[in-house]
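There are 2 protein chains.
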Amino acid sequence: MPHAEVRLSLPHWVQSFAFAPCYPDAEAQVALAIALAERNLAEGTGGPFGAALFDGAGRLLGVGVNRVLPEHCSAAHAEMMAFMTAQQRLGGCRLNDPATGVTAPVTLATSAQPCCMCYGASFWAGLDRMLIGARAEDVMRLTEFDEGPLPADWVGELERRGIVVRRDLLRERACAVLRRYGEQGGPRY
Amino acid sequence: MPHAEVRLSLPHWVQSFAFAPCYPDAEAQVALAIALAERNLAEGTGGPFGAALFDGAGRLLGVGVNRVLPEHCSAAHAEMMAFMTAQQRLGGCRLNDPATGVTAPVTLATSAQPCCMCYGASFWAGLDRMLIGARAEDVMRLTEFDEGPLPADWVGELERRGIVVRRDLLRERACAVLRRYGEQGGPRY
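Here the protein sequences line up with chains A and B, keeping their order.
Just so we're aligned, residue 25 is where the first sequence starts under this note's numbering, counting upward by one.
Just so we're aligned, residue 25 is where the second sequence starts under this note's numbering, counting upward by one.
Don't take every hint at face value.
Said to hold, decoys possible - Only part of the chain B face toward chain A is listed, based on derived beta-carbon distances under 8 Å: (1) GLU29; (2) CYS46; (3) HIS96; (4) ARG118; (5) GLY125; (6) GLU181; (7) GLY206.
Stated by the list, open to error - Counterexamples of contact, computed for chain B against chain A with all Cβ distances above 12 Å: (8) PRO48; (9) ASP49; (10) ALA66; (11) GLY82; (12) ALA100; (13) ALA128; (14) ARG159; (15) ARG165; (16) GLU168; (17) ASP170; (18) ARG191; (19) ARG195; (20) ARG204; (21) GLU207; (22) GLY209.
Just so you know, these hints were derived from the structure itself, not from any lab.
Where a beta carbon is used, it is the ideal one built from N, C-alpha and C, also for glycine.
Turn these sequences into a full structure, and let the hints steer you where they fit.
Structure, rendered in structure tokens:
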């Protein structure tokens, strides 16, 4: 008989992380995503990636960090963990659906460009904006993680479906956590 | 404080579904994926999509059906549910990693072409083969579900990374469940 349940959790330190009541601008939102990646690396609780979701007033809707190895789950990337935890908390499968009661627009901030899976998931999660720290080429150069294939005009595909994209936010700080992981020889998967 | 846990489950009927000890060929494997989609629609436990994973001897490694609405989770597509339940059961984040002890090759059979998220997830799940029933254009024509953007040569991208793709398996039967969903006016999301 096949296994019928999935359980995924964020690390224990998330419960005591010093979250602010409000993250007022794009830089503050990406800074949180990078801080989560840094902490995940420092605690040894997963890969060097972090993500956070915000409503239109800058209030936190959810966070995620990479949990692939500890949770035995190739889908447990930072962005996916943020989407899934936030949606289950709000009781809706699209974050920007009026039924969730969330103040628009909904923003995903991620420490590094989403891989091909998280990119695809972004179309269904109910986002209005995507803020990105490091580029895919930074990820591949500094960590040797594979980002996978994307449509040629991947930014345009998001924007044509109503998701505004901003890149290279705090890119140097975002690269620093990737560089540290690469220098430590962390596993690629 | 953000929500720190995700729980996803397959419908109760999966526990009493009449699974065979072995699914010896591609048609039998896709037939199971379609049968799961049909049952999910008949039971009203999610969208009209099913997926199943097999080892090299045709033994079942895991199954999935669409659970987006009941689980409040945009990531709970059939293929993702199959990947996550099978990986957690086997205790490994790549199904075809020798450490899982699974007999190669690992096959995903899916009732319909993976959307852009499940497509991306397929690169990380540890697959060797992908068997597809209905085409993306069938899904969009018969149900109005959006499949999202893919790389222009999406089959070639899989095959260059070692995942052999076969399409149009039992396509008419796969289309029938989509058509039924469309005719019933099931929700699009």
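**OP:** Decide, holds or violated, for the assertion that all CB atoms of chain A are farther than 12 Å from the CB of ASP49 of chain B.
**Re:** Fine: 20 Å to the nearest Cβ keeps ASP49 of chain B off the interface.
Original post:
Would the stated hint for HIS96 of chain B survive a check requiring a Cβ distance to chain A of less than 8 Å?
Top reply: holds (5 Å)
Subject >> Residue hint GLU181 of chain B, partner chain A, criterion CB-CB below 8 Å >> reply: holds (4 Å)
Subject >> Cut-off 8 Å, beta-carbon criterion: hint that GLY125 of chain B touches chain A >> reply: Violated - the Cβ of GLY125 of chain B stays beyond 8 Å from chain A, reaching only about 13 Å at its closest.
Original post:
For GLY209 of chain B, is the shortest beta carbon distance to chain A beyond 12 Å?
Top reply: holds (19 Å)
Subject >> GLY82 of chain B non-interfacial with respect to chain A [C-beta, more than 12 Å] >> reply: holds (14 Å)
**OP:** May I ask you to check that ARG191 of chain B keeps its beta-carbon over 12 Å from the closest beta-carbon of chain A?
**Re:** holds (18 Å)
Subject >> Minimum Cβ-Cβ distance from ALA100 of chain B to chain A exceeds 12 Å >> reply: Given a closest Cβ separation of 8 Å, the condition is violated.
Subject >> Whether PRO48 of chain B stays farther than 12 Å from all C-beta atoms of chain A, as the label says >> reply: holds (18 Å)
Subject >> ASP170 of chain B non-interfacial with respect to chain A [C-beta, more than 12 Å] >> reply: violated (7 Å)
Original post:
Taking the least C-beta to C-beta distance, is CYS46 of chain B closer than 8 Å to chain A?
Top reply: violated (14 Å)
**OP:** Find the nearest Cβ of chain A to the Cβ of ARG204 of chain B and say whether that gap is larger than 12 Å.
**Re:** Holds, because the least Cβ-Cβ distance between ARG204 of chain B and chain A comes to about 22 Å, which exceeds 12 Å.
Checked against the numbered hints above, the structure breaks hints 2, 5, 7, 12, 17 and satisfies the rest.
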